[in-house]
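Novice: The lines below spell out each chain.
2 protein chains.
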Amino acid sequence: MKFEINRTHLLNGLSDVMKAISHKVTLPILTGIKIELDEQGVTMTGSDSDITICSFIPTEEDGELIIETFEKGSIVVQARYFSDIVRKLPTETVLLEVINEQDVIIRSGRSEFKLIGSKADEYPILPNMEKDIQFTIATPLLKSIIRETGFAVSTQETRPVLTGVNWVKKEDALYCIATDSHRLARRITALDDLPEGEFQAVIPGKSLQELNKIIDKEESVDILFTEQQVLFKTERILFYSRLLEGTYPDTTRLIPTEYQTSIVLKSKEFLQAIDRASLLARDERNNIVRLVTTDQSTVELTSNSPEVGKVEEIVAATSIKGEALQISFSAKYMMDALRAIESEEIVIHFTGVMRPFILKAVDSEAVLQLILPVRTY
Amino acid sequence: MKFEINRTHLLNGLSDVMKAISHKVTLPILTGIKIELDEQGVTMTGSDSDITICSFIPTEEDGELIIETFEKGSIVVQARYFSDIVRKLPTETVLLEVINEQDVIIRSGRSEFKLIGSKADEYPILPNMEKDIQFTIATPLLKSIIRETGFAVSTQETRPVLTGVNWVKKEDALYCIATDSHRLARRITALDDLPEGEFQAVIPGKSLQELNKIIDKEESVDILFTEQQVLFKTERILFYSRLLEGTYPDTTRLIPTEYQTSIVLKSKEFLQAIDRASLLARDERNNIVRLVTTDQSTVELTSNSPEVGKVEEIVAATSIKGEALQISFSAKYMMDALRAIESEEIVIHFTGVMRPFILKAVDSEAVLQLILPVRTY
Chain A
0 MKFEINRTHL LNGLSDVMKA ISHKVTLPIL TGIKIELDEQ GVTMTGSDSD
50 ITICSFIPTE EDGELIIETF EKGSIVVQAR YFSDIVRKLP TETVLLEVIN
100 EQDVIIRSGR SEFKLIGSKA DEYPILPNME KDIQFTIATP LLKSIIRETG
150 FAVSTQETRP VLTGVNWVKK EDALYCIATD SHRLARRITA LDDLPEGEFQ
200 AVIPGKSLQE LNKIIDKEES VDILFTEQQV LFKTERILFY SRLLEGTYPD
250 TTRLIPTEYQ TSIVLKSKEF LQAIDRASLL ARDERNNIVR LVTTDQSTVE
300 LTSNSPEVGK VEEIVAATSI KGEALQISFS AKYMMDALRA IESEEIVIHF
350 TGVMRPFILK AVDSEAVLQL ILPVRTY
Chain B
0 MKFEINRTHL LNGLSDVMKA ISHKVTLPIL TGIKIELDEQ GVTMTGSDSD
50 ITICSFIPTE EDGELIIETF EKGSIVVQAR YFSDIVRKLP TETVLLEVIN
100 EQDVIIRSGR SEFKLIGSKA DEYPILPNME KDIQFTIATP LLKSIIRETG
150 FAVSTQETRP VLTGVNWVKK EDALYCIATD SHRLARRITA LDDLPEGEFQ
200 AVIPGKSLQE LNKIIDKEES VDILFTEQQV LFKTERILFY SRLLEGTYPD
250 TTRLIPTEYQ TSIVLKSKEF LQAIDRASLL ARDERNNIVR LVTTDQSTVE
300 LTSNSPEVGK VEEIVAATSI KGEALQISFS AKYMMDALRA IESEEIVIHF
350 TGVMRPFILK AVDSEAVLQL ILPVRTY
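Chains A and B, in that order, are what the protein sequence lines are.
So the first sequence is numbered by numbering that gives the first Met the number 0: it starts at 0 and just counts up by one.
So the second sequence is numbered by numbering that gives the first Met the number 0: it starts at 0 and just counts up by one.
Derived by calculation from the structure, the hints in this document are not laboratory data.
Please note: incorrect hints may appear among the correct ones.
To be verified - Okay, the calculated beta carbon distance ranges per label pair:
#	chain 1	residue 1	chain 2	residue 2	range
1	B	R374	A	E67	37 to 45 Å
2	A	E306	B	N127	33 to 41 Å
3	A	N211	B	E91	30 to 38 Å
4	A	L64	B	T256	51 to 59 Å
5	A	D171	B	D102	55 to 63 Å
6	B	E91	A	K87	42 to 50 Å
7	A	I254	B	D120	44 to 52 Å
8	A	A323	B	E70	34 to 42 Å
9	A	D61	B	K267	48 to 56 Å
10	A	E306	B	L125	27 to 35 Å
11	B	E91	A	R86	53 to 61 Å
12	A	E195	B	T90	53 to 61 Å
Note that the structure is a prediction, hence the values are computed from the model and not measured.
Note that CB positions come from ideal geometry on N, CA and C, so glycine has one too.
With the hints as constraints, model all of the structure from the sequences given.
Specialist: Structural data, given as structure tokens:
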């Protein structure tokens with residue numbers, strides 16, 4: 000393998016692939032990046048065995064020559080060293096050449112590195128993706144779905160299936176649900192080109208967060224599912240993730256449909272007040288805030304930390320309907336939920352002091368956030 | 000105590016004082032900030048007992064009212080909570096009021112905090128500074144001195160006096176010297192208004208780094224020394240630091256005055272080459288780079304890491320005088336030294352493979368950096 004490549008393009012591709020590289024790998028070869036050169040361009044692959052990312056750099060783009068190929072081939076190089084080196088090379092043209100079967104020469108200006116590599120055939124092969132289930136989502140929409148649900152997955156490994164987001168196709172919509180059993184986030188998205196029939200898969204929350212970091216430029220993302228893998232595919236990126244095994248709990252029963260009290264609030268103002276109300280209890284595991292409806296137009300947020308002091312916030316509500324209310328909840332869950340609803344005004348529906356309550360935008364049913372209250376004495 | 004204050008001014012003062020607040024304090028009251036209000040304005044004090052910072056906010060500035068005083072007084076509040084709260088308050092006007100002798104009310108818009116405080120007389124009193132030794136340095140110059148020497152102090156507590164920078168007045172100049180016994184940084188500054196006679200004091204490196212972060216706006220800094228303390232004083236800040244005890248070693252003998260090889264190099268280009276040459280050895284404790292003069296106009300930098308690979312950098316020298324040279328040194332020390340010399344071109348004087356070598360700007364003797372080479376086999 001021997002080629003010259005534009006350093007900026009190489010760096011951009013590398014920074015995507017590096018997101019799959021982990022310090023803790025069971026397979027030593029996975030500390031490396033596989034580089035393959037053919038007529039079309041260079042493909043780099045990185046993997047931590049849960050996630051695999053392939054990034055493609057074409058030989059030419061918009062008439063600009065990015066890669067000059069002297070000899071096709073492939074090699075595996077140490078990911079961290081390779082990435083550090085490319086970032087600091089002095090010139091925009093970089094020569095890569097394999098010598099002695101598995102050493103890699105990197106040359107730029109008057110700087111020359113020789114890295115000990117590994118043969119490409121030692122690198123694990125990519126999952127085989129049949130095209131049973133395949134559909135396309137616009138990139139901004141996919142990013143919204145991830146942002147609105149991904150934060151609510153469990154971080155505990157006691158119930159591994161809850162560390163993922165449950166993607167379910169029902170009728171013509173995609174339901175994405177995450178819960179850590181204290182709160183739940185659900186996004187319903189109507190999509191035209193969903194495949195026939197129903198399907199369901201649990202995608203690790205961590206995979207979705209990494210995916211969210213590297214998709215941006217492309218207009219849309221093709222999504223393919225097999226039994227054990229999902230593949231997110233754009234022109235320059237292949238992003239594979241394993242799926243989580245196990246039965247995802249049925250969460251529909253959890254979501255209340257009748258409400259005792261409904262409060263409409265300005266989202267940003269309410270979020271900031273919650274943020275302040277939780278300041279004195281930050282060190283405690285659950286920073287609990289108490290909400291009381293004082294009349295038909297204001298809610299009072301209070302928090303009390305015996306050693307530190309107390310705080311009281313008055314927030315104007317756009318409307319308060321139904322019964323008077325006193326309820327306590329985790330300020331962190333409330334802030335997470337508020338940040339995941341893109342709307343100037345939100346409505347919170349309560350069904351009693353110890354029943355879960357839900358948050359939505361005032362004008363959209365697409366996103367639902369549910370939080371379990373906390374008993375305080 | 001009761002007053003209204005502009006939130007931005009309060010925040011700026013707080014952010015300076017917070018630099019003295021440490022998680023690890025032996026005296027519980029030092030987790031707090033002392034707030035004192037008199038006719039002139041508000042003084043806040045924070046301390047970790049090594050460093051004490053007082054920040055003053057005047058009642059008026061440029062005709063703008065910053066503080067409206069209702070009742071003079073003083074109090075100690077929990078530093079971290081107070082700072083978090085002020086940062087997030089909703090309005091630009093903040094009311095502070097002491098009630099029940101030691102509770103503090105903080106009110107802003109419809110947000111109200113009550114913090115449990117402590118009485119101001121429980122707070123340690125400030126060091127008494129006689130004005131025996133006092134002089135003034137322009138702020139940019141003081142910041143240069145700190146930047147050029149502070150990095151070279153020892154981080155080991157085995158010889159505590161080496162964790163400080165030795166400030167010595169000799170004739171009409173201030174000598175600032177730091178060494179960790181592997182390298183040394185020296186800055187000589189001619190100053191007009193130095194006091195009569197000689198003096199010497201060792202200022203903790205950490206104190207100087209913190210000082211460097213908070214001086215900026217003022218034109219000059221007054222510096223006062225007593226036996227055990229130094230005070231850096233501007234219009235809005237008092238910065239006290241304890242001095243280090245013990246005898247600072249005599250370093251003058253270390254500095255070579257005769258040279259075998261002198262190399263003039265472009266500073267930035269050489270720094271970047273060293274940076275790359277050390278990439279493969281980053282994980283090792285001493286990332287050693289080897290420098291060889293190849294002819295009268297180029298030096299070669301190499302590094303070899305048996306498990307990873309090797310690197311070779313060719314750097315053009317402006318001039319090479321004297322004997323041919325092969326020498327090895329820590330890349331980190333070399334990069335630190337190069338960054339601490341403000342000059343497009345630098346000269347390195349060598350006195351043999353195992354003797355310390357020195358770096359200077361080509362056109363100034365003010366800053367000298369010395370590095371001990373490393374024996375390699």
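Novice: Decide, hint by hint, whether the structure agrees.
Specialist: These are the hints, each one checked on the structure:
Between B/R374 and A/E67 the C-beta distance comes to about 44 Å, which sits within the given range of 37 to 45 Å. Hint check: A/E306 to B/N127, Cβ distance near 34 Å, so the stated range 33 to 41 Å holds. Range check, A/N211 to B/E91: Cβ separation about 36 Å, and the 30 to 38 Å hint holds. In this structure the hint that A/L64 and B/T256 lie 51 to 59 Å apart at CB holds, the actual value being about 56 Å.
Look at A/D171 against B/D102: about 60 Å separates their beta carbons, and that is inside 55 to 63 Å. The given range of 42 to 50 Å is respected by B/E91 and A/K87, whose C-beta atoms sit roughly 45 Å from each other. For the pair A/I254 and B/D120, the supplied restraint of 44 to 52 Å is violated, since their beta-carbon distance comes to about 57 Å. With their beta carbons about 39 Å apart, A/A323 and B/E70 fall inside the hinted range of 34 to 42 Å.
At about 33 Å, the CB distance of A/D61 to B/K267 disagrees with the hint of 48 to 56 Å. Between A/E306 and B/L125, the C-beta spacing of about 28 Å keeps the proposed range 27 to 35 Å intact. Under the hint 53 to 61 Å, the C-beta atoms of B/E91 and A/R86, about 43 Å apart, miss the expected range. Distance hint check: the CB atoms of A/E195 and B/T90 are about 57 Å apart, consistent with the given range 53 to 61 Å.
Violated hints, listed in ascending order, are 7, 9, 11; each of the other numbered hints is respected by the structure.
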